[in-house]
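Please put together the full structure from these sequences, using the hints given.
Taken in sequence, the protein lines are chains C and S. For the first sequence, our numbering gives the first residue as 88, with consecutive numbering after it. For the second sequence, our numbering gives the first residue as 102, with consecutive numbering after it.
Treat the hints with caution; some may be incorrect.
List time: in silico DMTMM-like cross-link candidates among lysine to aspartate or glutamate, alpha-carbon distance up to 25 Å [what the hints assert, rightly or not]: (1) S:K402 with C:D192; (2) S:K402 with C:D518; (3) S:K488 with C:E724; (4) C:K329 with C:E724; (5) C:K329 with C:D225; (6) S:K323 with S:D462; (7) S:K488 with C:E493.
Derived from the structure by calculation, the hints contain no laboratory data.
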Amino acid sequence: MTQGDRPRESTAAPVERLRESAVSVRDLRKSYGTVEAVRGIDLDVSAGEIFGLIGPDGAGKTSTFQILAGVMAETSGDVQIFGRSPVEARPAVGYLSQAFSLYLDLSVAENIRYIGSLRRLGVSEIDERGDHYLEMFDMLRFRDRLAGRLSGGMKQKLALVCALIARPRLLLLDEPTTGVDPVSRREFWDALAELSGMGMTIVVATPYLDEAERCGRLALMHQGRLHDSGTPGEVRRRPRLKRIRVRTGNLEAAERILETASGVRDTQRFGDSLDVMVDETDGGEAVAREALAREGVDISDLRTEPPTLENAFVAVLRSLGGEIVVPPFPFDRTRSPVQSGKVAIGAYGVRKWFGSFQAVDDVTVEVRHGEVYGLLGANGAGKTTTIKMLCGLLGPTSGDIELAGERGSLRTAEVRSRIGYMSQKFSLYDDLTIAENLRFFAGVYGVPRGERDRRISWVLEASGLVGRESLMTSSLPGGWKQRVAFGASLMHAPSVLFLDEPTSGVDPLARRALWKMINAMADRGVAILVTTHYLEEAEQCNRLGFMAAGAIVAEGSPTQMKARMGGRLLEVQVGDARRATLALREAFGSQRVSQFGDRVHVHVDTPVEIAGARIRGLLAEHAIDVARLDDIGFSLEDVFIDVVNRARDSGGRETA
Amino acid sequence: MEADATNAGVGVRTLGGRLAEGRLVPLFLKELTQLGRNRRLVVMLVVPPTIQLLLFGFALNPEVTGLRLAVVDQSRTPESRQVVSAFASSGSFVIPAQFASAEQAGASISNGDADAALVIPFDFAERRVRGDTATVQLLLDATNANTAAIAGGYAARIVESLNRSLLAEVPRAARPIGLTTTVTLLYNPGLLNSWFITTGLIGTLLVLVGSLVASGSLVVEKETGTIEQLLMTPASATEIIVAKMAPLLLLLTADIVIALSVARIVFDVPVRGSLALFGVAGILCVLSGIGIGTFIATFTKSQQQAQLMGFFVNPPIALLSGVVTPIEAMPEWIRPFTLVNPVRHFATISRGVLLKGAGLDVLYPHLLALVAAAVLLVGISAWRFRKQFG
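Structural data, given as structure tokens:
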């Protein structure tokens, strides 16, 4: 698929052909013993491009990066960086590995100086370049701060400055934003767009599909091979699918009906809507309407929307046979499901002080049985402290907490036997086998003996590990571990479930399988509280709470949250996205303009026609052609960033 | 499951009750599996104790041999040669050179060519013949006070035995020759041999290995974040800590056997008293070690921190125990502190049981002290753990 497609891509972007080739890879292979990590990839990246490698853990991204960076030799194949071998080209390459090494007890400036001196640069030269990039990334005022005291996003940007100090022509970034909150991530990608505009070539690996949207071109990497490369637009359109978004009061029934309806390729449930994928040529909307009407399900809204990158990747991964079938959970039939609607997790005016630092300020949250509640916040917003208080690991300084019908003593064995918990760092024992881990958790949670084997085999089946249960847990890639851990936290059929960033490093198919399980649990009346950095995932929650500076600053369903945003979001496709971004930032403010590959997103307050005319006018003044201008509507990420920025600016909270 | 929990009640729940609920069993199994899979741990349990026992048993033997003795024999008589040969044949001294005057001999000590000097005066033989006390002078390099003291002790013994043989030989010469020396003897060096060291060292090793292993196995759960997962299960902090300690106790009991075997086989240490008493003392010592390790783990976030903290805690325990340095050699003010050191009491029991064949009737105060130390250390550390995580 990849090989055959290349000529077609080049006609789609004839300008790219003229550019100098930065990276050229032919039939690259890398084996570790009998394991083939990279199985013959072809890759071309032109100078000045941002190229994204998208894929789950264990897809071979890191091996590819290490070969490109010249720090590891390939098993076979041809790799050229600016026409030279990777080792020769090393001085021209900046490489940010996943575990980049900042010295946390050195200041920002000292870190830069140290890296610069390793590259044998003069002190004045280092300072000059360092200050230049710090200013560019809006970090100059933190010059003397210790690296350890920077936020996650800032640390990442500092690492980037360190990689830039030798003025590389090619930047290799291996998952530079894992564990970084959405606000910092957007800042980071703004910085990348800026660098690319200045002619730097950037190859970046990321598991986040919203980040993939910001690449000029991208390719999906899966099991050592590249699939489906092109611009984000090309990739989205390639499966020739239409996405129909259905809103209804009864999502469970609607999903059940449409899953099996003819012409429907796929369904995916979100917090307050259902996505149905149908073939482009099909009737689409009419088919869905009819099917639902036949079963008497009321539709409050139904519309066709453009497919997302995730839709495209899921289609590709499915065609590769990566589908995970989740068997239904083996519930104990003698126990009736929990009554939906009753409060399962309640926090009332909860505050937490650590010494003189207030981590959580007056948080009031109610999560009911049968509900999926998403708690979102930037790093340091108080999410982790809040979730620890809610599940009884940490006592609040003041305020009341209710958990599974219990107030006061949350730390009894009885309460905890009804709670499932999956922590962020996770949580399976690396030195036990998968089966040993599962047996341990089943035992310690007191799963009835007669049930244990059935539950354990359910977890193995649901995580696609049947027959591999005697593997050492440490040998599993992160994403797989997450899935087993998730299953382990469900084995005792809890009535309340806490999931702290459950899907980091999990590929889209596995993530969908995971959310299917979460939804099945919620349908049985389980109350679920999820924290995530991943706003696409937040779409799957029934209700969301955004946290900033220890307080919940906004709350509501995904649709309600998006409706809170004043104004509209316009996407402008232009010939020169970088110049357009600069021009529009001058007019609208830098917070409101972001570059996404060859498109620019502008957040406007005036009606679409007026704003559209203004944008066209401004770009015409700069002699920039506008190919398209669409009103695309806000993503949850836009809302989140807006809310957090506003809370930061006002120093207080807005009324929810 | 829920029914079980309610039946058991919130009141005083016995260990048996907990076992019936079945949580200790999986916790216990998990710890055992993890310990069993940890090769480094198994190596750590066997190799360092063996090597250290061998090393210290041989190396820390404070017997002094081959002291270089500068001899100034001004008498030059058969009588004086008798004294010199008594020193030379003792094995403790070698005689590299003879000097004409005491000044030359003194210079050779200050040059570092000799460790001691023996000066036999002109009138030595005459005095002996007259039946007066004949005096020889011993000069000692006291830079190393310990060595000097020991050398002085040897010299005294050599002269004493010479006196005895002279008396036996010539009964009428009732006056012994004398040797004036101002060296104070802190302990009898002859008693201090590998038996003394190894019997005490077993206790140091048990506490050391116990604390290292316990802090390691707990801190690793903190480091990887699995402790939170564990605390979210219905298992209580007490159950978690009991399940952590019990398998370690079991494993470390093997160390008692290993250490005793090494002492028995390599150093031929006798077992004159009750092995059971020795075993109980050993187990209490291991428990104290586990208590110390757990305590350290509650204060640290990473294995590295725990190890550094171990460096801070363990040497005083090892040194202030009377295992190597006698407690009587320590300053007065520090001696009471050694009373709370479990290793001190273990050393006393171990020496009493193995070397002297003493029984409980004599050693019970030390056993009680050991019980108190173990209970206190385990109790405090479990309490800290519960406070931190309960």
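Each hint tested on the structure:
For a cut-off of 25 Å, the pair hint linking K402 (chain S) to D192 (chain C) stands: about 18 Å separates their Cα positions. At roughly 20 Å between alpha-carbon atoms, K402 (chain S) and D518 (chain C) fall within 25 Å of each other, so this suggested pair holds. Restraint check: the Cα-Cα separation between K488 (chain S) and E724 (chain C) comes to about 40 Å, which exceeds 25 Å; the hinted pair is violated. Restraint check: the Cα-Cα separation between K329 (chain C) and E724 (chain C) comes to about 23 Å, which is no more than 25 Å; the hinted pair holds.
This hinted pair does not check out: K329 (chain C) and D225 (chain C) have alpha carbons roughly 41 Å apart, beyond 25 Å. Between K323 (chain S) and D462 (chain S) the CA atoms are separated by roughly 45 Å; this puts the pair beyond 25 Å, and the hint is violated. Proximity of K488 (chain S) to E493 (chain C) is assessed by CA-CA distance (about 21 Å); at most 25 Å being required, the pair is judged to hold.
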